[in-house]
Amino acid sequence: MTELVTAQRLLKDLADYESYKKGWDDESAAPLSPIVIKSFKRLLEKSNEDDLKDWNIFPEKNGTMILENSKRQAQINLAEKEFSYFILADSGLKGEDHIKLSTSRLLKAIKAINHD
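Number 46 in my numbering belongs to position 46 of the sequence shown; there are no gaps in the numbering.
Hints listed in this document are in silico derivations from the structure and should not be mistaken for laboratory results. Certain hints may be false.
[What the hints assert, rightly or not] For lysine to any residue, the following SDA-like pairs were computed, each having C-alpha atoms within a straight-line distance of at most 25 Å: (1) Lys111 with Ala89; (2) Lys61 with Ala7; (3) Lys12 with Lys111; (4) Lys111 with Leu11; (5) Lys22 with Glu80; (6) Lys61 with Leu88; (7) Lys61 with Asp16; (8) Lys71 with Glu96.
Between the sequences and the hints, there should be enough to build the whole structure, so can you do that?
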């Protein structure tokens, strides 16, 4: 399980974003999907401090969530049934779209990004 420091920080952010209602961006943004929230909480249960310590989360207008690691210049878009990621590397932008969502696949991608 993720250490309390990281887990508490991310759960606090998540709780803030969970309270966002339709139109939270003063336009037509959707609230975070309950499925996305549940998937992220499962990720927290399966990860450790090193996995997520450099990551932050943000809601997207379409109800998905962005996980961002500014140290690695990487982002993951977490949707209900899939996720995508990209990393800005010396050789340019690399990543993968439409990966079937499972906690183990998501955690594997995070670990790979952390150690890239």
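Each hint tested on the structure:
1. Lys111 with Ala89: 16 Å, holds
2. Lys61 with Ala7: Holds. Lys61 to Ala7 sits at ~24 Å (cutoff 25 Å).
3. Lys12 with Lys111: Measuring from Cα to Cα gives roughly 23 Å; hence the hint holds.
4. Lys111 with Leu11: 20 Å, holds
5. Lys22 with Glu80: Roughly 17 Å between the alpha carbons, so the hint for Lys22 and Glu80 holds.
6. Lys61 with Leu88: 23 Å, holds
7. Lys61 with Asp16: With a Cα-Cα distance of about 15 Å, the restraint between Lys61 and Asp16 holds, given a limit of 25 Å.
8. Lys71 with Glu96: Holds - the C-alpha atoms of Glu96 and Lys71 are around 19 Å apart, at most 25 Å.
Every hint from the earlier list agrees with this structure, and none is contradicted.
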